[in-house]
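Colleague: Sequence:
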Amino acid sequence: MPSDAHTFLFMDLVGFSALTAERGDDGAADVALQLFASVRRVLPQYRGEEIKTIGDAMMVRCEDPRDGLELGLQISEQIGDDGELPPLRIGVHTGPAVCRDGDWYGNAVNVAARLCSAAGGGEVLVSEATREAADSPRHVDFGDRRLHWLKNMPQPVAAGLATRRESPSARRSPLRAIVGSRVRRPLAGARLQHSEVTG
Numbered sequence: 594m595p596s597d598a599h600t601f602l603f604m605d606l607v608g609f610s611a612l613t614a615e616r617g618d619d620g621a622a623d624v625a626l627q628l629f630a631s632v633r634r635v636l637p638q639y640r641g642e643e644i645k646t647i648g649d650a651m652m653v654r655c656e657d658p659r660d661g662l663e664l665g666l667q668i669s670e671q672i673g674d675d676g677e678l679p680p681l682r683i684g685v686h687t688g689p690a691v692c693r694d695g696d697w698y699g700n701a702v703n704v705a706a707r708l709c710s711a712a713g714g715g716e717v718l719v720s721e722a723t724r725e726a727a728d729s730p731r732h733v734d735f736g737d738r739r740l741h742w743l744k745n746m747p748q749p750v751a752a753g754l755a756t757r758r759e760s761p762s763a764r765r766s767p768l769r770a771i772v773g774s775r776v777r778r779p780l781a782g783a784r785l786q787h788s789e790v791t792g
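Just so you know, the sequence shown maps onto residues 594 to 792 in the numbering used here.
By construction, these hints were calculated from the structure, which means they are not laboratory data. From the three backbone atoms N, C-alpha and C, an ideal C-beta is built for every residue, glycine too. Please note: incorrect hints may appear among the correct ones.
[Said to hold, decoys possible] Distance condition first, Cα-Cα at most 20 Å in a straight line; then the derived EDC-like pairs of lysine to aspartate or glutamate:
#1 LYS645 with GLU656
#2 LYS744 with GLU721
#3 LYS645 with ASP623
#4 LYS645 with ASP657
#5 LYS645 with GLU725
#6 LYS645 with ASP696
#7 LYS645 with ASP660
[Said to hold, decoys possible] If you anchor each label on the Cβ, the simulated ranges turn out as follows:
#8 GLY608 with ALA630: 12 to 22 Å
#9 VAL691 with PRO637: 36 to 46 Å
#10 PRO689 with GLU615: 39 to 49 Å
#11 ASP618 with ARG731: 42 to 52 Å
#12 GLN748 with GLY620: 11 to 21 Å
#13 ASP734 with VAL691: 12 to 22 Å
#14 GLY714 with ILE647: 10 to 20 Å
#15 ARG634 with GLU656: 13 to 23 Å
#16 GLY620 with ILE647: 12 to 22 Å
#17 ALA598 with GLY695: 11 to 21 Å
#18 GLY714 with ALA630: 28 to 38 Å
#19 PRO637 with GLU615: 13 to 23 Å
#20 GLU725 with ASP618: 40 to 50 Å
#21 GLN638 with ASP597: 35 to 45 Å
Let the sequences and hints guide you as you build the complete structure.
Modeller: Have a look at this one:
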């Protein structure tokens, strides 16, 4: 992995516009803030750095790709199925980037954001670059590899849906008690194919 490589996570709530219409601006803002507060509680455990929030979306950076992968799974499993929150989707990608005035720029950032848009509710969509940088940990199932044609990207990006392989008796996380969530099992990826994302 290049010395200037970083792992970026983007996440947002699916159906947030509908939630805003249903609960009003104040109610929707409270839901977004609940998500952000819950994520911030676990960032130190994975050496994650919050970069920024925009509306219901959050951007996080990790130095270690394994930390970034584990953080994405933790957030999805423990927060994504909270009855008080709409479904959560997460995109994870690793690559070079540059920091300017506290924000990060580069193709790796853009790919992570686009993968988030390509993911479905309850899914953690992880690029092949992150999978390779993390040495494909055995306790993670990456599903079927797919090529995604992402908006404004000249080449397709290989990625797969990540889920954790664990026994039914796996230890209950303290975060689950905080948000009262259940473990969500994202759907496995389909056969290798091209998919186009226009949003």
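Colleague: Against each hint, give a clear statement of whether it holds in the structure.
Modeller: Hints versus structure:
1. LYS645 with GLU656: At roughly 16 Å apart (the allowed maximum being 20 Å), GLU656 and LYS645 satisfy the hint.
2. LYS744 with GLU721: Holds: LYS744 and GLU721 sit about 18 Å apart, inside 20 Å.
3. LYS645 with ASP623: Holds. LYS645 to ASP623 sits at ~17 Å (cutoff 20 Å).
4. LYS645 with ASP657: At roughly 19 Å apart (the allowed maximum being 20 Å), ASP657 and LYS645 satisfy the hint.
5. LYS645 with GLU725: Violated. LYS645 to GLU725 sits at ~26 Å, over the 20 Å cutoff.
6. LYS645 with ASP696: holds (8 Å)
7. LYS645 with ASP660: With a Cα-Cα distance of about 19 Å, the restraint between LYS645 and ASP660 holds, given a limit of 20 Å.
8. GLY608 with ALA630: 12 to 22 Å: Check passed, 20 Å falls within 12 to 22 Å.
9. VAL691 with PRO637: 36 to 46 Å: violated (25 Å)
10. PRO689 with GLU615: 39 to 49 Å: holds (41 Å)
11. ASP618 with ARG731: 42 to 52 Å: Taking Cβ atoms as reference, ASP618 and ARG731 lie about 45 Å apart, which means the hint holds.
12. GLN748 with GLY620: 11 to 21 Å: For GLN748 and GLY620 the Cβ distance comes to about 41 Å; the hint is violated.
13. ASP734 with VAL691: 12 to 22 Å: violated (33 Å)
14. GLY714 with ILE647: 10 to 20 Å: holds (19 Å)
15. ARG634 with GLU656: 13 to 23 Å: Between ARG634 and GLU656, where Cβ atoms are some 20 Å apart, the hint holds.
16. GLY620 with ILE647: 12 to 22 Å: Given a distance of about 19 Å, which is inside 12 to 22 Å, the answer is holds.
17. ALA598 with GLY695: 11 to 21 Å: Because 19 Å falls inside the window, the suggested range holds.
18. GLY714 with ALA630: 28 to 38 Å: Violated - the Cβ-Cβ distance for GLY714 and ALA630, about 21 Å, lies outside 28 to 38 Å.
19. PRO637 with GLU615: 13 to 23 Å: violated (34 Å)
20. GLU725 with ASP618: 40 to 50 Å: Once the Cβ atoms are compared, 42 Å apart, the range 40 to 50 Å for ASP618 and GLU725 holds.
21. GLN638 with ASP597: 35 to 45 Å: Violated - the Cβ-Cβ distance for GLN638 and ASP597, about 25 Å, lies outside 35 to 45 Å.
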